[in-house]
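Starting from the structure of chain V, add chain R where the hints point.
There are 2 protein chains.
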Amino acid sequence: MSAIPRYFQAKTKLLDLLAELPDGTPFPPERELAELFGMSRTTVRKALDELVLEGKLIRRTGRQGTAVAPRRQLHRVSLDTLVNDLAPRESVVVRTVGGQDVVNVEALLVRGDEPIGVRSAYLRAARFPGFAESYDRGVPLRRFLAEQYRVRFGDLHPWCTTALATPRVAGLLGVRPATPLLSVAWMAYDLRGVPVERSWVLLRSDRAQLTMHVPRTDHAVRRSSA
Amino acid sequence: MSAIPRYFQAKTKLLDLLAELPDGTPFPPERELAELFGMSRTTVRKALDELVLEGKLIRRTGRQGTAVAPRRQLHRVSLDTLVNDLAPRESVVVRTVGGQDVVNVEALLVRGDEPIGVRSAYLRAARFPGFAESYDRGVPLRRFLAEQYRVRFGDLHPWCTTALATPRVAGLLGVRPATPLLSVAWMAYDLRGVPVERSWVLLRSDRAQLTMHVPRTDHAVRRSSA
Numbered sequence: 001m002s003a004i005p006r007y008f009q010a011k012t013k014l015l016d017l018l019a020e021l022p023d024g025t026p027f028p029p030e031r032e033l034a035e036l037f038g039m040s041r042t043t044v045r046k047a048l049d050e051l052v053l054e055g056k057l058i059r060r061t062g063r064q065g066t067a068v069a070p071r072r073q074l075h076r077v078s079l080d081t082l083v084n085d086l087a088p089r090e091s092v093v094v095r096t097v098g099g100q101d102v103v104n105v106e107a108l109l110v111r112g113d114e115p116i117g118v119r120s121a122y123l124r125a126a127r128f129p130g131f132a133e134s135y136d137r138g139v140p141l142r143r144f145l146a147e148q149y150r151v152r153f154g155d156l157h158p159w160c161t162t163a164l165a166t167p168r169v170a171g172l173l174g175v176r177p178a179t180p181l182l183s184v185a186w187m188a189y190d191l192r193g194v195p196v197e198r199s200w201v202l203l204r205s206d207r208a209q210l211t212m213h214v215p216r217t218d219h220a221v222r223r224s225s226a
Numbered sequence: 001m002s003a004i005p006r007y008f009q010a011k012t013k014l015l016d017l018l019a020e021l022p023d024g025t026p027f028p029p030e031r032e033l034a035e036l037f038g039m040s041r042t043t044v045r046k047a048l049d050e051l052v053l054e055g056k057l058i059r060r061t062g063r064q065g066t067a068v069a070p071r072r073q074l075h076r077v078s079l080d081t082l083v084n085d086l087a088p089r090e091s092v093v094v095r096t097v098g099g100q101d102v103v104n105v106e107a108l109l110v111r112g113d114e115p116i117g118v119r120s121a122y123l124r125a126a127r128f129p130g131f132a133e134s135y136d137r138g139v140p141l142r143r144f145l146a147e148q149y150r151v152r153f154g155d156l157h158p159w160c161t162t163a164l165a166t167p168r169v170a171g172l173l174g175v176r177p178a179t180p181l182l183s184v185a186w187m188a189y190d191l192r193g194v195p196v197e198r199s200w201v202l203l204r205s206d207r208a209q210l211t212m213h214v215p216r217t218d219h220a221v222r223r224s225s226a
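Heads up: the protein sequence lines correspond to chains V and R, in order.
Quick note: the first sequence uses the numbering used here, first residue 1, plus one each step.
Quick note: the second sequence uses the numbering used here, first residue 1, plus one each step.
Just chain V, same shape as in the assembly:
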């Protein structure tokens, strides 16, 4: 007996099949695949669901079944871009959160006409008087804050995890709710150590990879100086 779960065996078979089909090809129906593999429909469905989640198959709307997802370029997005270069496409919203006036700035990250990520930033309104009225949406948020409010940002230590798309985010990014997304969040401080901006970014991991940078380490020097 094999220790590999049957749905994973099915997934492996489906991946082989996928590799041979051009983009957009309707995929054989669940029932047919189940017969072909000699497996239950439940097993085949689980494997198909994973391939949809991974962006390798798409569900065809208005009818049963799936199709081979277009093999798109995986966009490489740098951490620095997320932090410094994202200009908002959506409206600047001033919301009241927990009794404090908070400005919420939402930006969509678009590549090839497709939204691949969304960034939501929160600022204290009292610190940035007139922000909602004066913000120039063509200018990335941090540059605007630096230039208009003379904020000097310190080093940043973002953290990265996974998150399931909420219905709202799913709508913005064109994915199904509960699709796993890559989440990057940070709290930005100014040089005096005062918190300025709380942001997080949700990225479609089937469309984008986050690139980072680790400076070279000289192990030999490290050891000899220890």
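Hints were generated in silico from the structure; no laboratory data involved.
Please note: incorrect hints may appear among the correct ones.
What the hints assert, rightly or not - Here are the simulated BS3-like cross-link-like pairs (lysine-lysine), alpha carbons at most 27 Å apart as the crow flies:
1. R:Lys46 to V:Lys46
2. V:Lys56 to V:Lys46
3. R:Lys56 to V:Lys46
4. R:Lys46 to V:Lys56
5. R:Lys56 to R:Lys46
6. V:Lys13 to V:Lys46
To be verified - Label-pair distances were calculated between CB atoms; the ranges are:
7. V:Leu17 to R:Gly138: 44 to 50 Å
8. R:Leu15 to V:Leu21: 36 to 42 Å
9. V:Thr61 to R:His157: 35 to 41 Å
10. R:Arg45 to V:Ala67: 26 to 32 Å
11. R:Leu15 to V:Ser134: 35 to 41 Å
12. V:Val194 to R:Val94: 51 to 57 Å
13. V:Val139 to R:Pro167: 44 to 50 Å
14. R:His213 to V:Glu106: 23 to 29 Å
15. R:Gly138 to V:Gly65: 51 to 57 Å
16. V:Glu114 to R:Leu21: 25 to 31 Å
17. R:Ser134 to V:Arg72: 41 to 47 Å
18. V:Arg41 to R:Arg45: 25 to 31 Å
19. R:Leu15 to V:His157: 43 to 49 Å
As the list claims (entries may be wrong) - Listed below are several chain R residues computed to face chain V (Cβ distance under 7 Å; list not exhaustive):
20. Glu50
21. Leu79
22. Val83
23. Asn84
24. Tyr149
25. Gly154
26. Asp155
27. Thr162
28. Ala178
29. Leu182
30. Ser205
31. Gln209
32. His213
The beta carbon of each residue, even a glycine, is placed where N, CA and C say it ideally should be.
Chain R only, in chain V's frame:
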């Protein structure tokens, strides 16, 4: 009519309920929750499934139902730690891949007696003669390569995405297959630009956050020098 899917409404209610219950409390059965919320069992199940995926509920083994997951500390793991400081706990395996002798080194990242990540590194055996016999498992891989084979590593540009746990990885990390994980991968080059090490790390995002570093940006200087 609300635009929020019913399962998400159920999830919000379940999160409220969760917040009031201590760790390990058996959660009300699906049927009871469905009655309480006036929703179908399918809807409630979908919400419960997401909470299990997110590590907020656990499935009780050997019986139906779920329980409140222990609220564990989220371990903060730095990118530098993943790259430089991980010593393997598992065996060093020499495998032949694609006609080339490749050494595979697998390391488990353990925090608080629990595996929270796994790193798999691939080296060309020809470049590191005698590696499998001489490798000291108490020493992080890159330091060993630097000291024993005089490798000098250049800057690194890892990329980050999400991945669904394969059955094997799920077994190593104690999660269900297809659990979304955080994936970090890199190709390491030496200072002459020769590829040395191909690695990837899979992290349990319900247990660990990856921390990174973005050096401070002086926007004012940037603009004036442009």
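Inset, instruction - Could you check the structure against the hints above and give me the numbers of any it violates, in ascending order? - result: Result: hints 16, 18, 19 and 24 break, sorted rising.
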